[in-house]
Amino acid sequence: MLVKETFPVTGMSCASCAVSVETMLKSTDGVKDAGVNFANSTAFAEYDSDKVSTSELQSAIQSIGYNLIIESEDPYAEQEKMQQEEYKKVKRRFIGSSIFALPVFVIGMFFPDMPYAPWISMVLTIPVLFYFGAHFFKNSWKLALKGSTNMDTLVALSTGIAFAFSAFNTIYPEFFESRGFAAHVYYEAAAVIIAFISLGKWMEEKAKSNTTTALKKLMGLQPKMVKVIVDEKEIEMPVGDVQKGQIVMVRPGEKIPLDGKVTVGNSFVDESMISGEPLAVKKKSGDEVFAGTINQKGAFRFEATKVGNDTLLAQIIKTVREAQGSKAPVQKLADKIAGIFVPTVILIAIATFTVWMIWGGDDAFTHALLTTVSVLVIACPCALGLATPTAIMVGVGKGAENNILIKDARGLELAHKVDAILLDKTGTITEGKPEVVEQIWKDENLQNQEILFAIESQSEHPLAQAVTNSLKEKVEKNPAISSFESLTGQGVKASANDETYFLGNRKLMDEHGISLSGDFATKAEEWQQKAYTVIYFAKGNELLSVLAIADKIKPTSAEAIRKLQDQNVEVYMLTGDNEHTAKAVAQQVGIKNYKAETLPADKANLLKKLQAEGKTVAMVGDGINDSHALAEADVSIAMGKGSDIAMDVATITLITSDLNSIPKALKLSSNTVKGIRQNLFWAFIYNLIGIPIAAGILYPFTGFLLNPMIAGAAMAFSSVSVVLNSLRLKRLSIE
Numbered sequence: 001m002l003v004k005e006t007f008p009v010t011g012m013s014c015a016s017c018a019v020s021v022e023t024m025l026k027s028t029d030g031v032k033d034a035g036v037n038f039a040n041s042t043a044f045a046e047y048d049s050d051k052v053s054t055s056e057l058q059s060a061i062q063s064i065g066y067n068l069i070i071e072s073e074d075p076y077a078e079q080e081k082m083q084q085e086e087y088k089k090v091k092r093r094f095i096g097s098s099i100f101a102l103p104v105f106v107i108g109m110f111f112p113d114m115p116y117a118p119w120i121s122m123v124l125t126i127p128v129l130f131y132f133g134a135h136f137f138k139n140s141w142k143l144a145l146k147g148s149t150n151m152d153t154l155v156a157l158s159t160g161i162a163f164a165f166s167a168f169n170t171i172y173p174e175f176f177e178s179r180g181f182a183a184h185v186y187y188e189a190a191a192v193i194i195a196f197i198s199l200g201k202w203m204e205e206k207a208k209s210n211t212t213t214a215l216k217k218l219m220g221l222q223p224k225m226v227k228v229i230v231d232e233k234e235i236e237m238p239v240g241d242v243q244k245g246q247i248v249m250v251r252p253g254e255k256i257p258l259d260g261k262v263t264v265g266n267s268f269v270d271e272s273m274i275s276g277e278p279l280a281v282k283k284k285s286g287d288e289v290f291a292g293t294i295n296q297k298g299a300f301r302f303e304a305t306k307v308g309n310d311t312l313l314a315q316i317i318k319t320v321r322e323a324q325g326s327k328a329p330v331q332k333l334a335d336k337i338a339g340i341f342v343p344t345v346i347l348i349a350i351a352t353f354t355v356w357m358i359w360g361g362d363d364a365f366t367h368a369l370l371t372t373v374s375v376l377v378i379a380c381p382c383a384l385g386l387a388t389p390t391a392i393m394v395g396v397g398k399g400a401e402n403n404i405l406i407k408d409a410r411g412l413e414l415a416h417k418v419d420a421i422l423l424d425k426t427g428t429i430t431e432g433k434p435e436v437v438e439q440i441w442k443d444e445n446l447q448n449q450e451i452l453f454a455i456e457s458q459s460e461h462p463l464a465q466a467v468t469n470s471l472k473e474k475v476e477k478n479p480a481i482s483s484f485e486s487l488t489g490q491g492v493k494a495s496a497n498d499e500t501y502f503l504g505n506r507k508l509m510d511e512h513g514i515s516l517s518g519d520f521a522t523k524a525e526e527w528q529q530k531a532y533t534v535i536y537f538a539k540g541n542e543l544l545s546v547l548a549i550a551d552k553i554k555p556t557s558a559e560a561i562r563k564l565q566d567q568n569v570e571v572y573m574l575t576g577d578n579e580h581t582a583k584a585v586a587q588q589v590g591i592k593n594y595k596a597e598t599l600p601a602d603k604a605n606l607l608k609k610l611q612a613e614g615k616t617v618a619m620v621g622d623g624i625n626d627s628h629a630l631a632e633a634d635v636s637i638a639m640g641k642g643s644d645i646a647m648d649v650a651t652i653t654l655i656t657s658d659l660n661s662i663p664k665a666l667k668l669s670s671n672t673v674k675g676i677r678q679n680l681f682w683a684f685i686y687n688l689i690g691i692p693i694a695a696g697i698l699y700p701f702t703g704f705l706l707n708p709m710i711a712g713a714a715m716a717f718s719s720v721s722v723v724l725n726s727l728r729l730k731r732l733s734i735e
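If you read the sequence shown in my numbering, its first letter stands for residue 1, the second for the next number, and so on.
Simulated from the structure, these hints should not be mistaken for lab results. Small disclaimer: the values here were computed from a predicted structure and weren't measured. Take the hints with a grain of salt, since some may be wrong.
[Unchecked claim] With a straight-line Cα cutoff of 20 Å, these simulated EDC-like cross-link-like pairs (lysine to aspartate or glutamate) come out:
| no. | residue 1 | residue 2 |
| --- | --- | --- |
| 1 | K306 | D241 |
| 2 | K442 | E303 |
| 3 | K433 | E473 |
| 4 | K507 | E525 |
| 5 | K615 | E597 |
| 6 | K442 | E401 |
| 7 | K297 | D270 |
| 8 | K146 | E56 |
| 9 | K507 | D443 |
| 10 | K284 | E303 |
| 11 | K530 | D519 |
| 12 | K608 | E632 |
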């Protein structure tokens with residue numbers, strides 16, 4: 001059986017590590033596809049569970065020096081714990097290496113001729129390289145045995161070569177002195193490089209942890225403990241132990257721990273963190289409640305209907321996590337470059353050494369050694385590997401904080417290109433809840449209203465619910481209906497108390513000779529002009545009432561559509577309603593392009609037509625009838641209160657019903673893509689400029705050679721700068 005799972009990964013220190021893990025997963029028998037995100041240290045694998053087990057995947061990754069967390073109740077909590085431990089380790093490495101590197105630096109730069117200077121420096125450098133920097137050598141050795149390389153390889157080679165050369169000259173200085181050369185040592189370069197890289201990794205880990213703050217906020221919405229009613233007694237237990245069907249107690253001010261249905265009591269619940277709606281929602285017996293929302297005043301009990309990973313909050317967290325781990329199309333180029341980067345740098349370093357040895361003059365070996373070490377140190381694929389995923393993580397997190405749930409990086413990367421958007425009318429532009437907005441009666445005869453209520457109570461028509469809702473507070477009894485006949489395309493015919501009643505459209509009235517005059521005619525005409533659905537209720541040939549039903553336009557629809565148009569996006573409205581209603585709604589919200597009486601296939605056909613014209617098209621819908629068009633769209637956006645199938649198909653889900661989230665999503669995409677491009681630009685430019693300078697290209701013109709220590713500092717801060725630029729997206733407005 002084909003299974004897709006995401007696992008936390010530990011031990012990765014650079015983008016090349018991620019490529020190594022991904023390559024190993026993909027080459028494992030039974031794995032169909034795999035991918036690794038260096039920024040949030042996760043890997044996904046799509047594999048045949050009959051051919052390969054998770055423990056075999058873990059073993060494959062362990063063989064190259066990394067690890068997958070598989071057997072854990074909460075693997076991400078375990079990963080976070082490990083990351084905290086790693087953060088503390090990196091911090092200790094930086095502090096420890098700095099304590100020893102500082103005197104080495106001072107001796108090497110200011111007191112190189114003091115007695116026993118080389119020996120003191122060597123003794124102080126040994127713990128820096130082989131204790132605080134031991135992991136560089138261990139990891140590079142493990143990878144070398146597998147025929148692979150990563151950033152650790154470059155660090156180990158550069159510092160190892162510098163130390164070995166210096167140690168040789170310290171122990172046996174006569175070798176070079178007897179040939180007329182000075183026996184130079186470069187302990188300060190090796191020691192300070194380790195210290196700088198440790199500083200960079202410490203800052204990088206600290207900055208990277210900030211990219212997941214949105215996810216941590218979501219996870220913090222669910223309480224850890226819950227009060228369960230057993231034999232009318234309250235028992236406190238971990239939320240993970242609650243079983244479906246158990247009764248849970250919630251008091252004022254407490255967070256609701258699971259999804260369920262209220263059984264006893266009533267209250268108002270703040271659902272803004274999930275729905276985006278600012279007003280608290282009244283909850284009574286039979287109403288649904290959701291994990292992560294906050295109970296306000298009353299106390300109530302509810303039956304747990306969804307527990308663990310099945311709750312709405314858990315699904316949102318899962319979607320955000322998967323989106324943060326997904327790869328944008330632009331990342332593929334960066335991955336390919338990172339995969340060949342380290343071997344290429346090693347070849348450049350060898351070429352640099354060779355050229356200096358041939359044309360370097362009297363100081364050929366010294367210059368060859370320094371430039372080779374500088375090239376190995378300054379060339380860092382980490383900035384390249386972090387450029388896209390860190391921006392994606394921050395973008396997805398900011399979206400989640402603004403009720404925009406992004407399913408994958410592709411949708412986030414593409415949304416800013418949208419220049420045409422199709423909006424389904426019902427439930428998207430409108431509330432999707434028809435209600436009686438006006439009504440006129442021949443007289444206020446309660447019996448007639450009760451008969452209308454009784455007839456509509458038997459009808460399955462979507463508008464029947466609107467009529468019964470408008471009358472249920474008035475009626476005192478529900479008269480028996482002796483016959484009920486549905487008349488397709490017209491309405492219904494029913495009998496009660498030996499009288500015949502008609503309920504339906506104007507066509508039904510005309511067919512049975514029921515005349516429309518006076519106030520009835522005036523109001524019906526007025527309501528039709530407002531795009532209301534008008535229904536008529538008659539007894540025999542006597543008209544009793546005319547009712548106007550409308551699906552109200554959302555208060556923010558017109559504003560959101562104007563914002564989209566200001567962003568040069570063409571807005572189209574699609575609806576199955578008649579031309580008259582569609583035109584009236586389109587005029588009210590400022591849409592010029594609309595199409596009435598559309599079937600699901602018609603929506604998809606219009607979408608394909610616009611795509612054929614070269615437009616990037618987004619589809620926004622909330623129902624099963626929108627799923628075809630959502631699947632065909634370049635960017636698909638589902639309203640969070642819509643059907644499950646619409647949300648499954650869509651790449652972006654708006655948890656709120658506010659259409660203003662759509663222009664926000666497009667602006668978020670624009671900001672994120674700009675951040676990615678800036679990151680990639682600086683990552684590429686850094687290496688394109690840094691490596692030639694480190695190799696000594698400026699020396700023939702200016703006499704300048706890059707000090708390996710400066711190269712180490714530049715390498716360390718390049719990754720940090722990319723992460724900090726991504727974090728800047730948090731502060732950018734998407735209004």
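Evaluated hints:
1. Distance hint between K306 and D241 is fulfilled; the C-alpha atoms sit about 12 Å from each other, no more than 20 Å.
2. Distance hint between K442 and E303 is unfulfilled; the C-alpha atoms sit about 47 Å from each other, more than 20 Å.
3. Restraint check: the Cα-Cα separation between K433 and E473 comes to about 18 Å, which is no more than 20 Å; the hinted pair holds.
4. Between K507 and E525 the alpha-carbon distance is near 15 Å, which keeps this suggested pair within the 20 Å criterion.
5. With a C-alpha separation of about 24 Å, the suggested pair K615 and E597 falls outside the 20 Å cut-off, and the hint is violated.
6. Taking the CA atoms of K442 and E401, the gap is near 53 Å; set against the 20 Å cutoff, the hint is violated.
7. Annotation: proposed proximity of K297 to D270 holds, straight-line Cα distance about 10 Å (limit 20 Å).
8. Restraint check for K146 and E56: satisfied, since their Cα atoms lie roughly 17 Å apart, inside the 20 Å limit.
9. Taken as a hint, the K507 and D443 pair is broken in the structure, with Cα atoms around 23 Å apart against an allowance of 20 Å.
10. Only pairs whose Cα atoms come within 20 Å are accepted, and K284 paired with E303 is accepted, the gap being roughly 13 Å.
11. For the proposed pair K530 and D519, the alpha carbon gap of about 17 Å is at most 20 Å, so the pair holds.
12. Pair hint K608 plus E632 holds up; C-alpha atoms about 8 Å apart against a cutoff of 20 Å.
In summary, the structure is inconsistent with hints 2, 5, 6 and 9 from the numbered list given earlier, while agreeing with the others.
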